[in-house]
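Engineer: Each chain is listed here by its residues.
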Amino acid sequence: MTSNIFNLYKTMKSDKIICAYHGNFNYDVVNGLLKTAKINLSHPENNRTSAKKTYNILVECLENIHKHSEHGEENTNEAIFLLTQPIDGFSIAIGNLIPIEEKEKLVKNIDELNDMTRDELKAHYRTIIENGQISDRGGAGLGMTDIALKSRSKLNYTFNDYSENELFFSLSVHVKNK
Amino acid sequence: MEIYKIEATENTPLVDLNHNNHTMLFEGDSRPENVQQFYSPVLKWLEDYSKHIYFLKDLNNSSIDVLCNFKFEYFNSSSAKYIRDVITALASVESGVNLKINWHYEEMDEDMQEAGEEFEEMMGIKFNFIVE
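Heads up: the sequence lines are chains R and S, in that order.
Under this note's numbering, think of the first position of the first sequence as 1414, with each following residue one higher.
Under this note's numbering, think of the first position of the second sequence as -16, with each following residue one higher.
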């Protein structure tokens, strides 16, 4: 156990992980994580524009996990989150289990966002907001569209096999220093 | 009608709506656990204010200056829809009054600047941008 934690420490250090969490996501956990992330991001040596942008994106990423996990069965809100600080900015990675049948919709949604120009993304965001189909869980892909708009980079994702009914879905977003 | 004021919390902004001074202020973070529940009384107040000002306009021949300050530090995408509704409600009181909307943002916060520009374009109302 003690050697495990040392290995984890070394990994976190070498991979420049400044904030990490694995466990259940609920509103209080998200609040706590955001508070911790904010402290780490507001380090005076950080580029303030990209630190603020990273925080903005992080809120959407973490709220997305929390909101979507509520759709599932009990105890399915387990997820993992990493905030890293590569040399050129910040990176956010989140991972959670999803039912296999949701994969197709997610792929379609993210691929469409990745193919959009900035103006198309803005128009898409506006359409979702103006159609008003927004519950407390957000609108149809509003959070993801917001992430794409703010990050100004492509959304990277992968799926790993996990069980008969579930896949492990991971999403990473990179924010470059200006 | 009454003044509507609620203090800021970690996740919700300070809201100060004053029909006597004709001033409105939103300041802080907006990511309430229940967005609808948070913004419903605000939208209700603005609806009442719209009626209030309609009668006031008849009494006053001079035009009324209405000032709304948005000083958001951050708002999540679910709040964005309600902020749009707030601006729509403000726009509905616009005729016969001088409506001024100030959108404050920190210089380094390009997302907050863009969000204001986006609302401005979406609603067709001119904002004053104030760099903090």
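Worth double-checking, as some hints may not be accurate.
[Said to hold, decoys possible] Derived pair list, reagent style DSSO-like, types lysine-lysine, alpha-carbon separation capped at 30 Å:
1. R:1535 / S:83
2. S:34 / R:1451
3. S:54 / R:1480
4. S:-12 / R:1451
5. R:1451 / R:1429
6. R:1518 / R:1591
7. R:1591 / S:-12
8. R:1448 / S:54
9. R:1516 / R:1591
[Claimed, not checked] Which chain R residues stay away from chain S? Per the calculated CB distances, all over 10 Å, these:
10. 1420
11. 1430
12. 1434
13. 1556
14. 1581
Hints listed in this document are in silico derivations from the structure and should not be mistaken for laboratory results.
Here a beta-carbon is modelled for each residue, glycine too, at the ideal position from N, C-alpha and C.
Engineer: According to the definition I'm using, a residue is off the interface if its beta carbon is farther than 10 Å from all beta carbons of the partner; does residue 1434 of chain R meet that for chain S?
Structural biologist: Residue 1434 of chain R is indeed farther than 10 Å from all Cβ atoms of chain S, at 18 Å.
Engineer: Confirm or reject the statement that residue 1581 of chain R sits farther than 10 Å, beta carbon to beta carbon, from all of chain S.
Structural biologist: At roughly 25 Å from the nearest Cβ of chain S, residue 1581 of chain R sits farther out than 10 Å, so the non-interface label holds.
Engineer: Does residue 1591 of chain R pair with residue -12 of chain S here, judged by a C-alpha cut-off of 30 Å?
Structural biologist: Roughly 39 Å separates the two Cα atoms, so the pair is violated.
Engineer: Can you confirm whether the C-alpha distance between residue 54 of chain S and residue 1480 of chain R stays at or below 30 Å?
Structural biologist: 27 Å, holds
Engineer: Going straight from one Cα to the other, do residue 34 of chain S and residue 1451 of chain R come out at no more than 30 Å?
Structural biologist: 42 Å, violated
Engineer: Given the hinted pair residue 1451 of chain R and residue 1429 of chain R, is their Cα-Cα distance within 30 Å?
Structural biologist: 16 Å, holds
Engineer: Taking 10 Å as the cut and beta carbons as the points, is residue 1430 of chain R off the interface with chain S?
Structural biologist: Consistent with the label, residue 1430 of chain R stays out of reach of chain S, its closest Cβ about 23 Å off (over 10 Å).
Engineer: Could you grab the alpha-carbon distance between residue 1535 of chain R and residue 83 of chain S and see if it respects the 30 Å cut-off?
Structural biologist: 25 Å, holds
Engineer: Take a quick look at whether residue 1518 of chain R and residue 1591 of chain R sit within 30 Å of each other, Cα to Cα.
Structural biologist: 33 Å, violated
Engineer: Verify this label for me: residue 1420 of chain R is non-interface relative to chain S, using a Cβ-Cβ cutoff of 10 Å.
Structural biologist: Nearest chain S Cβ is 35 Å from residue 1420 of chain R, so the label holds.
Engineer: For the pair supplied as a hint, residue 1448 of chain R and residue 54 of chain S, confirm whether the alpha-carbon distance does not exceed 30 Å.
Structural biologist: The given pair, whose Cα atoms are some 20 Å apart, holds under the 30 Å limit.
Engineer: Do the alpha carbons of residue -12 of chain S and residue 1451 of chain R lie within 30 Å of each other, as the hint requires?
Structural biologist: 27 Å, holds
In this structure, the earlier hints numbered 2, 6, 7, 9, 13 are contradicted, and the remaining ones agree with it.
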